[in-house]
Amino acid sequence: MKKRILARSIAALAVAIGSTSAYAHDEGVTEWRLFVADQASPTVSVIDATDKALIDTYELSGPAALHRTSSGQTVFAVQGSEGRVSAINTGIAFHDHGDHADIDVDAPERLDMELAGERPAHFVEQQGYIAQWFDGEDEARFFTENSVLEGKPEIRTANIEAAHHGVAVPYQHHAVVSIANPDDASQRPIGARVVDFEGNHVGEDVACPGLHGSAGSGSLYALACQTGLLIISTQDGTPEIEHLTYPASLPEGSASTLLGGKGLQYFIGNFGADRLVIIDPSQGEEGFQLVQLPTRRVHFATDPIRPRFAYVFTEDGQLHKVDVLSGELTQSLRLTDPYSMDGHWNDPRPRIAVAGDNIVVTDPAAETLHFVDANSFEQVDDMPLEGKPFNIVAVGGSGVSHHD
Amino acid sequence: MGLLRAVVTPLLVSMVAFSAGTAGASEPALKVVASFSIINDFAQQIGGDRIALTSIVGPDSDAHMYEPTPADVKAVAQADIVLINGLMFEGFLARLIEASGSDAEIVTLTDNAEILQDPQGGHYHFIGDKAVFHAAPEDPHAWQSVSNAQVYVSNIAQAFCAADPAGCRAYEANQQRYSTTLTALDDDIREQLSTLPESRRTAVVAHHAFRYFENAYGLTFFAPQGMSTESEASAANVAGLIDELQSQQVSAVFAENISNPRLVEQIATEAGLPMGGTLYSDALSNAAGPASTYEAMMRYNVATLMSALTPP
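As given, the protein sequences belong to chains X and D, one line each in that order. For the first sequence, position 180 matches number 180 in my numbering, and the numbering has no gaps at all. For the second sequence, position 149 matches number 1149 in my numbering, and the numbering has no gaps at all.
Derived by calculation from the structure, the hints in this document are not laboratory data. Note that the coordinates shown come from a computational prediction; the quantities given were computed from them, not determined experimentally. Be a bit skeptical, because a hint or two may be false.
[To be verified] Covered by chain X, per the in silico footprint, the following chain D stretches (three or more residues, Cβ under 8 Å):
id	region
1	1061-1071
2	1252-1262
[Said to hold, decoys possible] In silico contact screen, one side only, chain X against chain D (beta carbon under 8 Å); selected entries:
id	residue
3	Gly218
4	Asp236
5	Gly237
6	Asp280
7	Gln283
8	Val324
[Claimed, not checked] From the derived model, a few chain D residues whose C-beta atoms are all more than 12 Å from chain X:
id	residue
9	Thr1183
10	Ala1216
11	Gly1277
For glycine and all other residues, C-beta sits at the position ideal for the given N, C-alpha and C.
With the rest of the complex left out, here is chain D (with noise of 0.2 Å):
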């Protein structure tokens, strides 16, 4: 990370030519926090230029470890809307919003999309000899499958409209564009995808971010972590998936964007599979990067899986 910002562009927008008169106010007509890079872009795409925008976590980092700074606290003290994914992605969330006393909107972006749960059923904690059962936290990598992306950004809409009236057939105009450009999207995706062979179709990423893609897009994905980075992988964890794919046709292990990319490498060397490049997984690249926006890193992760997954 360079260093010092993970984050906290006080970003006036202006850089796309929006439809239907998104132009012009000298003034932003919404102040909006957005808490990491993804649901940044989606507002981007629905607000231009009627907003001021600012993402909390920012391009490359991890919003599962995040911690606010005295500037976030800053920002969403002086929001009119927080747009968050919610499903317990950002941690940090809450004692931000503690600390700034901010009566800001809060938007969940997850809400009405479809939702995965834990596929392993969740965890037990063993007291003496005797299993306690939890369910585990539904999955909130939601944005990986771009039919969510469309309810997120649906989502975002009517906040807008509902804080800004005199806006809104100018986020509803630009709904309607982002949608048919992520439906564009999700249609390029899937014809890419269908042309790899089933015994091509696995593969080894950090973490279980990509539970939404594999079940939208008909792949599957080992990890050595949990839902969340801040779980860490444990040996047995490591041992046991390494034993796990040699009874599986696993095609490439990748990198995340957002996570030292040391033990999947480990985990590549010891399973004697090749490594097949880095997925944006839980944040954008930065502007001059591969993947700045969503169509951008949903469009980039595609290629490198079909690079890596290919036949030879």
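Just chain X, with the same shape it has in the complex (with noise of 0.2 Å):
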């Protein structure tokens, strides 16, 4: 078991903040890994963010959209042109106590568990359930991470009717998927219906014209519309959508990119090829914020640590720093050179993953990554890695560790 000691014990913290909820064998333990998917050959490379050393590299079968539960606790690479779905033991698991969480620090681990299916694309994970979609195929698939964990996934399904490039939120005993367009189910989606695992419809379908686009926030989950966002809750259980319609103020244009906050309950999008939309549902129609981007921009991410910010790159080869507050770019930085969003759009192109005070952006032309600090927002590290490193995800954190 591999952990990063703090300089003072845990025990010594609190009794700093007048706490009695450890003892003296408890230490403060901090780990951050990255999982990097290289777009040139079919691997996963695991590396230690704070030395910067790479752990384990995992073979798959094709190029992959790499995605993290919020619990950190697995990573899934979902491999849209092999038709595979595969499953990564990241080692690190936190233990919620309520006062303090408990971090267990194990060597990754790549999971048996693997999906095979036609063209499988969005993937979703909410508090532990997951929802996998096929774009070539007519239901969506749900399980649990534990299950994954446990290396025995149960496997719910919910018909689609027609397959499509959609998309399933899932929930306990519902999902959120969204409806394929009936004249042509090759065009976007046209809305998103609550459904439960007996094959039932759960209240009207609601309408969302182009549907493309998802995230959490919170306990919200948004799917984005052509005409706004549908905004997902639950107060009994049972999903609940409204939508919520993009202002007149705004111009024409709407987001297909969603990402949510983390730690603050917003969402930021595209707007365009060279704007974000951030919105606060909260505010209704005044919660719509645009953000005018130097260049078209090649990826944006969320601070789940700093949550004030988000981070944008552009096609300038600049690291943007987003204040969701005011809606303007505070900080730029120069990392990489020039790359263009012409070409194909799953090109490999920088990447961005937050790993505690690191912003991590993958350079797959320079075949480097870039390491900047969050708060100072300078560049403080490069790290190689051959290849093309391409999409990347960050998880970790701190915990207490307890030990003899």
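Both chains are sitting in their own frames, so use the hints and assemble them into the complex.
Encoded structure:
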């Protein structure tokens, strides 16, 4: 077992803050790991984000989009071109005890679980419930993270009537699924509905023309439409959907890629090629804010630790810090040579992940990971990584570790 | 939840006719943020129309699980005073304050209140075959005894006086008036509940939000969850609870306004107990509901308890 021990024991910290929640043999541990998918060879590299050392590399069937669960215990590698979904136990687990969280750090491990299907695409996880969408199939698959970690994924399905490029959002007893365009299922979905796992529809279908893009933030989940967002909430465990319309004050456009704030409940999405939109659903039509970028965006990410900030990487090779309250770019930093958004959408271009106090940006052309201090917003290190390092996720954090 | 607003009502308080000259100021003397709806009501009672009041967690919403919004951050950034419960009740608070960069006075209303420890004495972690004990946090639901509510209100009045000396007489007058209301409320609760026989003083609730109530008024509540709704009850917790209920004189099971009732309904079914209604635990109702103020909440809870627990 590997642990990174803080300078002071938690017992000492507890004394300092007047808590009695831990004993002398408890110690603070911080661990962050990066999972980086290579676009040239089908692999995922696991990297110690502090030591910048390669921990392990896993072979996949094809290039992968990576998704981490909210617990951070599992990373899923969705290999759309090869029809495979693989899972990796990150080796980092937290156990919440209210007044503190315990951390358990072990070696990462490729899990036996693998899903095969026609064109796996959108992956959504909420509170340990997972929905994996397959663009070429007429049902979505649902399972729990725990069942994957235990090596026995228990798959439930929900019929979606016609194969299409859509999305499913999982809940304990229900799912929200996109509705295919009845005239042409190859076009974007036209709405969403709540279903259960016995084949029943719950409530009315809700229109969402051009549905594409989804994200969760706190207790809300959002689907992006050409007309606004569908906001999904649950009161008694059953999802309820409401449409939040783009205000007339916004210029023409819509979001098709969404991310959800962590620590602050908001959504951030693209709005055309060179703008972002920040959405605070609690403020209704007053809650939309546009952010103008200097050039077309390449990728954006939210900061789960400094929730006031998000980051966006633009074609000119710059990383920008976005203040989600003011909607302003507060700092910019040139990290790479320019990357053009012309060309195939899935060409390897920089991607962003936040690992503790580091913002990590992949630079596929330079075969490098760039490390930026999230507080000073200065580049602090590079790490060479052979191949075309592309998609990246970070897992980790701090907790208490008990030992003799 | 009416989806989009857990809260945030920038509220210029003007609804109650307060004593001793509270009215008048065209500009609020203080910008106050209350962390959740019960504190919001206390602040409204004391501040009257001298304050501009914003509540973070709104009616029928669960502060244990709340995720603050950018609008909340802006409200805290502009606040003179932020009123909080403390005792780790507002898990969102640290990141909210940090994100706001606020230099507002943070006032912890449970200071000087009588605080209960987890009666089960904490919890164990098992490291291999070795058990490690962690003392549990203090129970944050202190407002569930009216005597503690008096402490909350006193702390608010002191904080308002310190920040706005010109309004101190008004705040103190409001506190005096409201304190009288709370004293009468406390007396009334005791009088009503005293009529319940010993065999009808035990019930089940969704999470341990009522320890202060049982300690003050002599009832006993069992709960499948811990003190936070964040800790989901395990199947073993539930099975153990149902076993335990068999040996107790439990009269009814109550849902809570902030929790999904499914779990307690399952417990009621499996234990053969009646559902007694919904109690307001960690949040008020909206203005149209039966518990839109602290006083209304406590009276509604007592009426619900009396209705279910009074012998047929």
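Against the structure, the hints:
1. 1061-1071: Result for this restraint: holds, n = 7.
2. 1252-1262: holds (count 3)
3. Gly218: 3 Å, holds
4. Asp236: Where the cut-off is 8 Å and the nearest Cβ of chain D is about 5 Å from Asp236(X), the hint holds.
5. Gly237: This hint holds: Gly237(X) lies near chain D, its Cβ roughly 5 Å from the closest one there, short of 8 Å.
6. Asp280: 5 Å, holds
7. Gln283: Hint holds; Gln283(X) Cβ to chain D Cβ min 5 Å, cut 8 Å.
8. Val324: 6 Å, holds
9. Thr1183: 32 Å, holds
10. Ala1216: 24 Å, holds
11. Gly1277: Its Cβ never comes within 12 Å of chain X, the nearest being 16 Å, so this holds.
Comparing the model with each earlier hint shows no violations; every hint is respected.
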